Structure formats: C-alpha cells, structure tokens
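Chains as they are written, first to last, in my numbering: chain A, 1 to 345; chain B, 1 to 345; chain C, 1 to 345.
In case anyone wonders, no lab produced these hints; they're calculated from the structure.
These numbers were taken from a predicted model, which means no experiment stands behind them.
Just so you know, nobody snuck in bad clues.
The list cannot tell twin chains apart, which means a pair is met if one copy fits it or any two copies do.
Below 30 Å or equal to it, Euclidean Cα-Cα: the simulated DSSO-like pairs (lysine-lysine) are:
1) K316 with K332
2) K195 with K112
3) K344 with K332
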Amino acid sequence: MTASYRLSEIASQLGGRVLGDAEVRISQIASLETAQPGQISFLTNSRYRSQLANTRAGAVILAEDDAESTGLPRIVSDNPYAYFARVSALLNPLPEATPGIHPGAFIGANTKIDATVSIAATAVIGEGATIGANSVIGEGCSVGANVVIGCRARLYPRVVIYHDCMIGDDLIAHSGVVIGADGFGIAMDQGRWIKIPQIGRVVIGNDVEIGANTTIDRGALDDTVIEDGVKLDNQIQVAHNVRIGAHTAIAGCVGIAGSTSIGCYCRIGGSAGILGHLNIADHVEIAAFTLIGKSIHEAGSYAAIFPFSTSAEWRKNTVHLRHLDELVRRVKALEQEFETIKQKP
Amino acid sequence: MTASYRLSEIASQLGGRVLGDAEVRISQIASLETAQPGQISFLTNSRYRSQLANTRAGAVILAEDDAESTGLPRIVSDNPYAYFARVSALLNPLPEATPGIHPGAFIGANTKIDATVSIAATAVIGEGATIGANSVIGEGCSVGANVVIGCRARLYPRVVIYHDCMIGDDLIAHSGVVIGADGFGIAMDQGRWIKIPQIGRVVIGNDVEIGANTTIDRGALDDTVIEDGVKLDNQIQVAHNVRIGAHTAIAGCVGIAGSTSIGCYCRIGGSAGILGHLNIADHVEIAAFTLIGKSIHEAGSYAAIFPFSTSAEWRKNTVHLRHLDELVRRVKALEQEFETIKQKP
Amino acid sequence: MTASYRLSEIASQLGGRVLGDAEVRISQIASLETAQPGQISFLTNSRYRSQLANTRAGAVILAEDDAESTGLPRIVSDNPYAYFARVSALLNPLPEATPGIHPGAFIGANTKIDATVSIAATAVIGEGATIGANSVIGEGCSVGANVVIGCRARLYPRVVIYHDCMIGDDLIAHSGVVIGADGFGIAMDQGRWIKIPQIGRVVIGNDVEIGANTTIDRGALDDTVIEDGVKLDNQIQVAHNVRIGAHTAIAGCVGIAGSTSIGCYCRIGGSAGILGHLNIADHVEIAAFTLIGKSIHEAGSYAAIFPFSTSAEWRKNTVHLRHLDELVRRVKALEQEFETIKQKP
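Same shape as in the complex, but just chain A (with noise of 0.2 Å):
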C-alpha cells in the first residue's frame, strides 16, 4: 500500500501552485488515459489536451499555459515532467532496506561498512572495502578489495565491482552492472597476443545511474571516468580510459570505444557507437544506430541512420551504393560534354 497525500500536502513539499480542491487525496500517479480517482496525472505537452478532458484523474499536474484547461484540482508547475517525477518519488518510496550484514554475506578483513549499510545474503564484499552510509548492496554483488563506495549507494542483486574502484555517493546500479573489468587491451608478438594489464580503476562521481548489463571497463594505465549525474541505460559498453561528461544521459546498447572522451549534457541514442580516442563536445546529441567516427567539436544534433524500406525497394536502391562513385562520374561527363554543346554555335 503505498501512502496517500492531499494535494496541499504535495505542494507544500514540492513547490507549485495549487488550484481548485487542494483537500482531494491523492496514493499513486498514472496516465491521464488510465488514472482513477485518488490518483494524479499530468500534461507535459499541450498536444494531449484532448486526453485532459475525459481523464478519471483526481488531479493533475500542468504548466501555465495549460492552468485553466481543465477544471479538475491541479497543481500548476513550470516543469510538469519533473514535477511528475518528485510526486512518482514521494508516492513510491524505495522499500526500506534493513541495515545490517545477513548472515549468509561474506565480509573480507578490515573493511569499513556503516553500520546503517545492508547487506543481503550471498553478496561478498572483498577485503580493505569501503561501504558508506545507508547504502544497500544486494544479494550476489561482488564488491571488489579495496573499492570505496559512497553513501546511499542500492546495488541491485548480481551486481560487480572489481578491486580498487572508486565510486560517490548515491549510485544506483541495476542487476548483472560489471564496473572494472579488464579493457581490451592486447599486444601483437610473435603471431600471439599478449595481455596488457590493466592497472587503472574506474572512478565514478556522484549520483550516477547504470541500467541492467552495462558494463565499464578500468583504465588501462589511467582512469576510466564517469563524472557526476551521468545516467547509463541497459547493456551499455563502456571501454577503458573513456571520460563521461557530467550529466550524460546514454541510452541501450551503446558503445564506446578506448579513450573517448565525452563532453557533459550529452544524449546518446540507442545502439549507437563512438570509435577510440575521438573528443565530442558538451551538448551534443547523437542519433540512434549512428556511428561516430570523428571528433565533434560543435554541440549540436547528428546522425548516421540509414532509412528502412521495405526488402524490396530496398534492395532495388541499395544496389547502387556500391557504383555510387561511378554514378558521380557519369553526371560529372554528362556536364561536361553538356558544356560543350552549348558552346558550340
């Protein structure tokens, strides 16, 4: 059972303007399409205004423009999304975890956990490791010797973080997340491939979030970097010495290649891809399936997808990609002895 608040009660902590009855209470947030009453929705973009009037919801958040939309009791925000966000927060509060080491844990020598800090069963936590306050390390984690993890960390079941890393205060990071492993990084000798060891860590900065299956390696002589409020989506691939600008935002399946740096308030799409060693400024977007070969020096927006057909109309234009140079040179010839012609008399 989640708790419920009147609308006063919400905007008295969270800030905004109330309108109409400020006494309806409200116990969870949905869409405008599916709330019931004793619940909250919102309008972010003022296309859906339709949806508005035939909502069940017990109360709305808007912004301004959209204030006097409706008639149901709202509160009025100049960022509905984000005030969306604060309402989801304070209605579904993360489960209280128990402090504590479970007894089927196991905790190497001379570490030092909070003792607000849970720890659930079958995680192991290495020696010299740092754990602080109110963190919870779930069931399966491996905390690596000598790691330093911060406070109000929640790593979620199966989560691992190999020797030495070094991680701020409020990380949240999603089951089967592996932080320092080994970068690729191979000599070729004598027709065999020789490891190089990876001696650098990977640092994180504070309120970081990493999805499901992502995966960031250590550097390999310095620093794998991930500044502060960077978020991570799922099955991200993050190589070594690579540098995450502050408040970052990734989504699924992307790659980095070694030693990419990245600029802060960047937005990647999915199952992108940016190769080693490049520097992309701050604010630049990047279009899904888009690769990135280059620098970018500019912040801006760019992509690289090519556009889906059907099979058919596919395969009918593609085939020419491959004459493309050839198609140049037909049209350059046809200008020219069109050039010709007209000089003729």
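Use these hints to put chains B and C onto chain A, whose structure you have.
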C-alpha cells in the same frame, strides 16, 4: 547415456509414417553429414538430397516429396524440421532436478513454493514470492519480493527477477537474464536529471524463452508485456512499457526502445533496433542491423542494411553520400537544360 | 605496493638492449605524459617523439629507429608495445589467490579439482567437473556438470559455464560471461515455436580471454568452437555452432550469427555483425558497425559504415537514398538522350 527407441516407437509417440525397417534403434539425432548408425538425421530442404545419398545415419526424417529419395529407414512428416525438434526432445530430455530447497538457498517469509520445485544453493527467493509446480531455480538466481512464477519454469544460474513481476508457465530464462530492472526514465530539471520511479511490472505469458544476458525493463507507470510463445535470443534489450506480441521471435542483440508495441508472429533479425512509441503490425519481418524509425502498419519484410565492400571501395563510394543532395540537384539541372535544348528549333 | 626492478634486471628477464643507466630502479609503467621518475614509459610510434623530450619517466622502451632520440635510460626492442605489455605484467602480477575451497562454496559429487585451485565463497561446482592446477574460480561462479577447465584459468565473479563444456588452459573469463547457454534454435509448427534441444557443447582452446557479459552459446548438434589465442571483448554474442579461428580478436558488442566460421588472425571492430552460415577467410579485418552478409574469401579490410553528419545535413542527403534507383534511371535517360543529340548532324 541417452535412451534408445525403435523407429516404430518414435512414430507411435510423435506421429508420422514409417517407411523401411521400423525396428532400427535410434539413440541420438545428428546432421546428415555427421550422423552415425544408431542416429537419426533429417532432410528439410530438397537441395540437400545429395547428402542423403552418402549419409551413414541409421534413419532419416523427411517430407512427403522426398519419401522415396532414400532406401534408409525413414519417417515421413509434413514438417520434418519440427519433427526433428520433437525427436531431439524425446532423445535428450532435460536432466531431472531433485525437488526441494537446497540448504544453501535463502527463502524469504510468506513464499508459496510448490513441493515439487527445485531451488539450488545460493538462490535467493524474496518475501511473498510464488513458484509453481516442477519449476527449477538455478544457483545464484534472485527472485524478488512478490514475484509470481508459473509451473515448469527453468531459471538457469544467475537469473534476476525484480519484485512484483508476473510470469506464466514454462518460462526458460538463461543465465544473466534480468527481468524487471528500472526502465530508463529521467526528467531534466535545472541542470540535473531526476529519476522517474518505475512503478510498472514485467508481465510474461506462457511458453516464453529468454536468452542469456537479455534484459527486460519494468514499466514506468503501466507494465511491460511479453505475450505467450515469444522467443528472445541473447543480449536483447527490451525497454519499459514495450509490448511484444505472441509468438514473435527476436534474434540476438536487438534493442527495442520504450513504449513500442510489436505485433504477433514477427521475426526480427540480429542487432536490429526499433525506436520508441511505435507500432509494428503482425507478421512483420525486420532484417538484421535495421533500425525501424516509424510505425509499420503492413505485414511484410523490411530492411535498412548498408552493403559492405572492401574498405577501399567503401571509401570511394561513401564519400558521395554526404553530397547526395547536391548530386540530385545537378541531375535536375541537367534535365532542365536538356529540356531547353530539345525545345530549340 | 608493486615491486621494483633495475633496468638491467628487466632486460635480463625479458630481453632487449639497455642503453644509458642500467641501474635505474623501475616500479611501475606509465604513459610518456604522466610518467614519474621510477616509472618506465614507451614510444611505439615515432610521431610521438616530441613527448619523449618532455617526459619525466625514469626510463623508456623504444624501437631501434628511436634508440638515439633520448638520453634517458632505455630498452631497445623490436616490438616496444609488446615489450611494454611484458614489463607491465612483470610489475603488476595478479594478486595470488589462496589455494583451497572456501567453506561457502558448493562442490558437487565426483569432481576433480586440483589441490592448487582456489574457489571462492558462493561459487557452485557441478557434479563431475574437472578444474586444472592453479585455476581461480571467483565468487558466484557456476561451473556446470562435467565441465572441464584447464590449468591457470581465472574466472572472475559470476561467470557461468553450462554443463559439458570443455575449456583449455589459461582462460580468462570476466564477470557476467555465459558459456554454453542454449543456442537460439526453434522450429515453427502449427502456429507455435518448438524448441530444438541444443545438444552440442562449447569447446574453447588455450589462452583465450573473454570480456564481461559476453555470451557464447552451445552448439545445436555439433559444438561451438573457440580456437587458441582468441580474444573477445565485452558484450559479444557468439551464436551456436560458430567457429572462431585462432588468434582472432573481436571488439565489444559484436554479434555473430549461427554456424558462421571465422578464420584465424581476423580483427573485427566494435558493434559489427556477421550473419549466419558464412565463411570468413583468415586475416580479414572488419570495420566497426559493419554487417557482413556474405562470405569473404579474400584476406583484406572490409567496411559498411554510414557516414555521420549533422542531423540537418543527414536529413537532406538521406532522403534521396529511397529514390536512388530512380536517380540512376534519370542519369541513364540523360545519357541516352544525349547520345541521340550527338548523333544528329
């Protein structure tokens, strides 16, 4: 050691018409090329009839049209490939798991676990979870609070299912699968990302198989839904609030962005992607490496693959893609000038 | 603390010619830019000679051609990059694992585990498994029934190896690796997918490294094979019955579909893909993000990358791809009409 069956016994269990010696004993399945006496092989494509002549197989499964292509003992079926699958299942039953909870497993309060369930050492079952008859939970699995799993589920080692997810009968989930991690929901507010709580669930129908390290995120408000008979290969990412229709099969490394709805009986090739908030009709086939950026309303086959060539050829042709618009204008200009010339007396 | 070595001691262990003060003590490796006294750096590309002038390194590894480019103590090698890898391994030995089975591990019946093997808490070793001398099995690893692992294997936490797989000496498998899960084998029958049992194994040679969260499926009938010296980065998907030839190196996020055979000494870039049932010759290089859809019979370099641009440029140019066939026809028409004109008297 696998058991052995007479050809007649196989046909009496699985149907089909036996030709030739029905008493031959069969203990394993193999390809035409590698089969040994005592093994049964199959011909699913008349193109490979030549292999039939040389096979050492003790018996063969084939279609009506090929029934007289060999003198070997044989079973005639209208779907030899499916028949082969059934024979293989008969000859290679899964190892029986001993019912019971290993003393090295950790079981939360108020669970409902059928007496026939097998739970391995180091598995952790959350408070209030339900697990149906004859299910097998491998080592290191994490089943969250209030999860419901149907009958005959097989969770290979290290599967994680987050709290409250609902799963039908006959699930197969391979190692590293993560079901119900938070979707990628964030709202920008004054220069920082705020997390949007993901309060939906993952709801999975009957007879679903999920490949190793595939991730299926829980819904933001409503549920993420995987319908009956869906087959997912490895390393697939299914974002929050996606719906995958019944009997759709998806190959490895595909990414499906949030709130997209995919129809029934679709087939999606490896490393393909589908952007968010789209609708894909039933019976759509999507080629490998294809990004779908708009809804598809018609059944059929779709593609967007950039054709490969030697790097030298690729460089020569691809450089023109950045000037394609200019090329089209040049052709248009030629056409117009040409028209002018033709109109000259 | 890493140990320290005199330059002369390093050369006597690893070869190479010492120039300058052979008595200088070296305790770590670093890049030219960040190296401190007491650290050794390396020059692998004459382009970076300028960095050599300013380095604070105590010593340098370089090639014969660069031997006189600095007065620093130095080791001359015919392969400075490989030499650097060897020095780094000398200075950064893996932490010794204590031999023995942790009481929190679970060991099945009839296993053959060498007395020098180290098995961590929460690891589970299946019935009949064999593990060779000096191997280290991390916490949460799952080694299936009858698996054979050679000597000096290092399984980082949470590696899963399914039953019956065979692995040579010197395997390194990073966290989240899944070896031997079922391949994606299904047959459509009367509107439902039937599972095809995957009865092959994964067979891995000597000296193989596998990156975090990479998956290698077991064969359908025959085995999936990874030959000696193969190096796989993170998040790679290797489907059933694939063969990867010796000393091939594959970057992150690559997907290889079923029954494809890749030659020796290939190099495959990140997020590339190879369709099923193909043959790739030895010494083939495949660019990042490239889908290979046909067999490659010649060594060489291949690519299929769509070039990125600003989204505005991309839109302007890409719209024509759907009309490329029409454009080619228009050019052809112009050429023909032009020919007619030229033939006019």
